[in-house]
Amino acid sequence: MTETGFRGVLLHVCIAVAGSQPMQELPEAHLVEGAGIDGDRYATGKGHYSKLPRADRQVTLIEIETLEAIRRDHHIPIEPQETRRNLTTRGVPLNHLVGRRFRVGEVVLHGERLNVPCKYLDGLLGRELFGPLTNRSGLNCTIVTGGVIRPGDPIEPL
Amino acid sequence: MSLLEVKGLEVRYGGIRAVKGIDLAVDEGELVCLIGANGAGKSSSLRAISGLIGTPPGALRYAGRDLSGTRAFQRVRNGLVLVPEGRGVFPQLTVDENLAMGAYARTDGEIESDRERMFGLFARLKERRRQTSGTLSGGEQQMLAIARALMSRPKLLLLDEPSMGLAPIVVQKIFDVVREINAGGVTVLLVEQNARLALEIASRAYVMESGAITLSGRAADIAHDPKVVEAYLGGEAA
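Chains as they are written, first to last, in the numbering used here: chain A, 196 to 353; chain B, 208 to 445.
It is possible that part of the hints are untrue.
[Claimed, not checked] Computed from the model, here is a short list of chain B residues facing chain A with C-beta under 8 Å:
#: 1; residue: G221
#: 2; residue: I223
#: 3; residue: A244
#: 4; residue: N245
#: 5; residue: G246
#: 6; residue: E292
#: 7; residue: G293
#: 8; residue: G295
#: 9; residue: Q299
#: 10; residue: G372
#: 11; residue: L373
#: 12; residue: P375
#: 13; residue: R403
#: 14; residue: L440
#: 15; residue: G441
If you are wondering where the hints come from, they were derived from the structure by calculation, not from laboratory data.
Small disclaimer: the values here were computed from a predicted structure and weren't measured.
Built from N, CA and C at the ideal position, the CB exists for glycine as well.
I would like the entire structure built from these sequences, with the hints used as guidance.
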């Protein structure tokens with residue numbers, strides 16, 4: 196009964212070389228099983244939270260629908276590369292993927308826990324996003340099967 | 208007569224209408240779901256119905272009475288109770304204390320027996336009854352949020368994304384209990400982004416997109432609607 200049906204798409208892939216550094220959008224990225232995204236701060240131990248290492252920071256995702264709603268309902272513009280999340284999705288119910296495996300192109304991810312908003316992002320961007328992102332802050336995942344992903348890749352449950 | 212009637216409900220943030228004049232109704236004893244993507248306006252609608260958003264434009268009637276001008280706590284006392292998105296338990300209070308808060312407005316002598324009934328529904332809560340709720344797992348917090356709401360003896364339970372962030376085995380337990388609650392006579396309006404799950408347990412459904420209701424009908428029919436199948440069910444027949 197608990198199956199989650201969806202067919203979504205990957206819109207953006209972003210990494211940052213170190214904590215608080217601007218995120219860069221990539222045309223493709225290499226995800227390494229058990230490690231993270233090649234070049235991203237949480238794969239190299241240079242992230243804002245790397246001093247508290249957790250496997251579930253290998254890849255983070257957020258829904259474009261959340262960003263659209265924040266822009267529409269709260270008049271706060273926020274671009275995918277500003278969210279500090281690695282992947283932006285459309286048509287994927289991220290809040291319902293904890294404990295589940297799903298495919299992004301050739302890569303398999305496992306939903307570990309819901310991401311929670313933090314004041315760090317508000318300070319970094321100078322915008323009050325903590326409230327609007329509550330319960331919609333995305334999903335933290337581990338990489339089960341690595342590979343290369345690109346915007347446009349389909350996202351499907353396994 | 209419906210237990211809940213909503214006509215032309217709007218929710219505005221600044222000048223923007225996040226909920227654009229929706230109509231919906233829930234009959235006594237029903238389990239109705241409201242499905243849609245993130246940001247569609249589902250939670251805003253539930254918050255407005257439960258009295259947490261001032262006096263929004265539109266008409267709200269509950270048990271035949273006009274709700275305009277009534278505050279959230281008055282609605283709870285009349286049996287219209289919200290289980291909020293993200294659980295909303297009191298993290299520094301114990302499980303027992305959270306349950307007591309659910310019964311805050313009651314003066315009858317059956318509170319203790321209701322608490323035991325909650326422990327029958329959710330055995331894990333009994334094991335954790337003296338633990339502060341902020342230390343519970345997400346699933347246990349969801350169980351507590353539902354049990355706390357039931358302690359107020361609702362006639363209409365508004366459930367906002369009860370499966371959010373929970374592992375599949377916990378989701379199963381939560382939804383078994385939701386069915387059980389409804390079978391016991393409590394009317395349920397369920398908001399869920401997990402459309403497949405919601406459509407499986409509901410008798411009727413509404414689909415919400417960009418602040419408007421775009422489709423409504425029997426849940427079994429909605430589950431086979433081509434647009435719903437494509438947008439919310441992964442392109443497969445449910």
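* B:E292 as chain A interface residue, shortest Cβ-Cβ below 8 Å -> holds, 5 Å
* Asked: At a threshold of 8 Å, is the proposed contact between B:G295 and chain A supported by beta-carbon distances?
  -> violated, 10 Å
* Would the hint on B:G246 stand, with a C-beta cut-off of 8 Å toward chain A? -> holds, 3 Å
* Taking 8 Å as the limit, does the beta-carbon of B:L373 come near enough to a beta-carbon in chain A? -> holds, 6 Å
* Asked: At a threshold of 8 Å, is the proposed contact between B:R403 and chain A supported by beta-carbon distances?
  -> Since chain A brings a Cβ to about 4 Å from B:R403, closer than 8 Å, the hint holds.
* Asked: Quick one, is the B:L440 hint okay against chain A at 8 Å, beta carbons?
  -> Holds: closest Cβ of chain A sits about 4 Å from B:L440, inside 8 Å.
* Does the CB of B:G441 sit less than 8 Å away from some CB of chain A? -> With Cβ-Cβ at 4 Å, under 8 Å, it holds.
* Hold the hint about B:A244 up to the distance rule: shortest CB distance to chain A must be less than 8 Å. => holds, 5 Å
* chain A contact restraint for B:N245 - C-beta distance below 8 Å -> Interface hint status for B:N245: holds (4 Å vs cutoff 8 Å).
* Asked: If you take the shortest Cβ to Cβ gap from B:G372 to chain A, is it below 8 Å?
  -> holds, 4 Å
* Given B:G221 as an interface hint, is the shortest Cβ-Cβ distance to chain A below 8 Å? -> Holds - the Cβ of B:G221 comes within 8 Å of chain A, reaching about 6 Å at its closest.
* To do: Using Cβ atoms only, decide whether B:I223 comes closer than 8 Å to chain A, and label the hint accordingly.
  => holds, 6 Å
In summary, the numbered hints that this structure violates are 8, 9.
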